[in-house]
Amino acid sequence: MIGSYPAEINTEEIIKSYYTQKLISWDKYIKSAVNDMLRAGIQMVSDGQTRDSFVNIFYRRISGCRIRERPEVFEKIRYRGPITIDDQKYVKSFLPKNTKLLGLITGPYTLSKSCVDLFYHNEKELAFDFADVLRQEAENLQKDVDMISIDDPVFSVSMPDYAKDLIQIIIKNLKCPIRLHVCGDVSGIVSDILEIPVDVLSHEFKALPKLFDVFKEYSFRQNICLGSVRSDNPALETVGEIVNHIKKGINVFNDKISQVSPDCGLRFLPRDTAYKKLRNLVKAWSVVYG
Amino acid sequence: MFSFTKKQEIINISGIQIGGQPGYLPTVLIGGLFFKGEPDYNNAKKQIKNMYNLSQETGNPAIPDFFIKKEEFIDKIIDFIEKNIPKDKQFSVDIIEPDLKIKTLEALNAKKLLNRTIYNSIHIGITDEERKAIKKHTPAAAIIVAFNPKDKSPDGKIEVLTEGAGLADKGLIKIANETGIKKILIDTAAMAPGDYSGSSIAAIPVIKEEYGLPTGCAIHNVVEKSKWIDTLFQNTKKPVDAASNLNIPLFGGDFAVYGPIHNSDLVFPMIAWEDILISEYTDHYFGVKPVDYHPRRKFFEK
Chain A
0 MIGSYPAEIN TEEIIKSYYT QKLISWDKYI KSAVNDMLRA GIQMVSDGQT RDSFVNIFYR
60 RISGCRIRER PEVFEKIRYR GPITIDDQKY VKSFLPKNTK LLGLITGPYT LSKSCVDLFY
120 HNEKELAFDF ADVLRQEAEN LQKDVDMISI DDPVFSVSMP DYAKDLIQII IKNLKCPIRL
180 HVCGDVSGIV SDILEIPVDV LSHEFKALPK LFDVFKEYSF RQNICLGSVR SDNPALETVG
240 EIVNHIKKGI NVFNDKISQV SPDCGLRFLP RDTAYKKLRN LVKAWSVVYG
Chain B
0 MFSFTKKQEI INISGIQIGG QPGYLPTVLI GGLFFKGEPD YNNAKKQIKN MYNLSQETGN
60 PAIPDFFIKK EEFIDKIIDF IEKNIPKDKQ FSVDIIEPDL KIKTLEALNA KKLLNRTIYN
120 SIHIGITDEE RKAIKKHTPA AAIIVAFNPK DKSPDGKIEV LTEGAGLADK GLIKIANETG
180 IKKILIDTAA MAPGDYSGSS IAAIPVIKEE YGLPTGCAIH NVVEKSKWID TLFQNTKKPV
240 DAASNLNIPL FGGDFAVYGP IHNSDLVFPM IAWEDILISE YTDHYFGVKP VDYHPRRKFF
300 EK
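So the protein lines, in turn, are chains A and B.
The first sequence maps to residues 0 to 289 in numbering that gives the first Met the number 0.
The second sequence maps to residues 0 to 301 in numbering that gives the first Met the number 0.
Don't take each hint at face value.
What the hints assert, rightly or not - Which residues of chain B face chain A? A partial, calculated answer using Cβ under 7 Å:
#1 G124
#2 K149
#3 E158
#4 A191
#5 D194
#6 K224
Hints listed in this document are in silico derivations from the structure and should not be mistaken for laboratory results.
The C-beta atom is built at its ideal place from N, Cα and C for all residues, glycine as well.
The following block holds chain A by itself, in its conformation from the complex (with noise of 0.2 Å):
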């Protein structure tokens, strides 16, 4: 998996809920999300991020963070606990001994450029602090997972000249394996991106073929996720498609390819679609690799 996984919320039932002073709990949607991706056969699953957007999933649990239209950040941002520890450690409690968990961080950089800053008004010094606020939360959630991706899309339309001292903030008291997902075009930066000292790099290879082209030009240490379905268009690619995709990539990336997934995040493609692309992935991964 990348992270996310599409929910339907049942507002009239939660509503009731609030009506007879229940306590609200998001697991059914969290154990539905998960369910799927295990009946999809998938090996490493994630929470699937279904509470929220993959930023305000964060931006509501940092302090110094609010939404109101847009997220705003109002005054010094600090970790005040816990951002996605207890849902992962709900996930845990379910899952499979031979199934492993991935943990997800959404990135600094994403964070401070998906945000109106009306605090620092220093977008490098809002995304440093973002970093410290995520090495916090990666360093209490490598206990819980098997792997943590640092997703930070931005990158692929604007990397900083810091990008690499961002991810190395969170990254350097970790244990865990670190998998980097960028999804976008990042073809103009697949040179800064190798910079960074991570073990698993994700990227969009089935919407953008292209990279395999741009990849093919470097060596370099770190393994591949390879994007393989797309997730932002509801056609079903079939078993074959991918099995051929997969085999693109192999030819490309030898046995660095350590994981396929979809494209990116399937949070917005139905709940049937996403779970078929999940199916034939998985049914193509066991063509290719038995």
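Starting from the known structure of chain A, fit chain B onto it as the hints suggest.
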């Protein structure tokens, strides 16, 4: 005790004024009529009369809130309202099920009662059919419940009012406006005990400063569901329930949905006392003079 920098709207619902700067208007008290099974209309009449008398004595405006939970009671309760609530008085209808809300709006329209109706409430569970029904049979005012299950803090409540928090297609205030509701009251959504319940009180000044709209809540619900009080202090539950409402005017709120109407004897004098306390300060410090029917005028300054 404070004054807001944002201009505070005062709405008039067929004679009752709600909103404004703290200390200007007395707190509006909305008492609930919850019927178990067939409504006990005789008791309801008695309780409503008592509430109006207390309102007369203290100056705190009173609004009966009719909880309707079954379709078979819609016509009966609306008949009761038509016959027993004086023509110059308002009332609210408190309904959870969207289908019942729609049928109640139709029944209120048929009896020409919509111009005195406070619709309780609009929230994230609003359906397309309900929106159409409100547009067709628009009540005088509506309470919007700022309940955001994703974020129960004051910020989360503002988010759901402003942009729907991804749970409604747009902000709840915009939804209310689009259905034709002109007069809006904001309920800050008291959560269950242990579920960030204090946030509904903290949200009152935040929401008033943000929108300038009349704001209050049903904080007594938190007491009602506090099992530890049931277990250890059963005899004290009623005064604690009534006293919980004191938080609302103290934090600048305009109305209290104070729970069962039979708590009126406790709630009205408590809130009148609190309103006097607030008025003494806001008058002297901010120069906010209370209206002539304010409890402070009734009991201290004619």
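Tested hints:
For the restraint placing B:G124 at the interface with chain A, the shortest Cβ-Cβ distance is roughly 4 Å, inside the 7 Å limit, so the hint holds. A hinted interface residue such as B:K149 counts as satisfied when its beta carbon comes closer than 7 Å to some beta carbon of chain A; here the least separation is about 6 Å, so the hint holds. Against a cut-off of 7 Å between C-beta atoms, the interface hint on B:E158 holds, since the closest Cβ of chain A lies about 5 Å away. A cut of 7 Å between beta carbons decides the hint on B:A191: the least distance to chain A is about 4 Å, and the hint holds.
Look at B:D194: its Cβ gets to within about 5 Å of chain A, closer than 7 Å, so that hint holds up. Given the 7 Å rule on beta carbons, the hint for B:K224 holds: about 4 Å separates it from the nearest Cβ of chain A.
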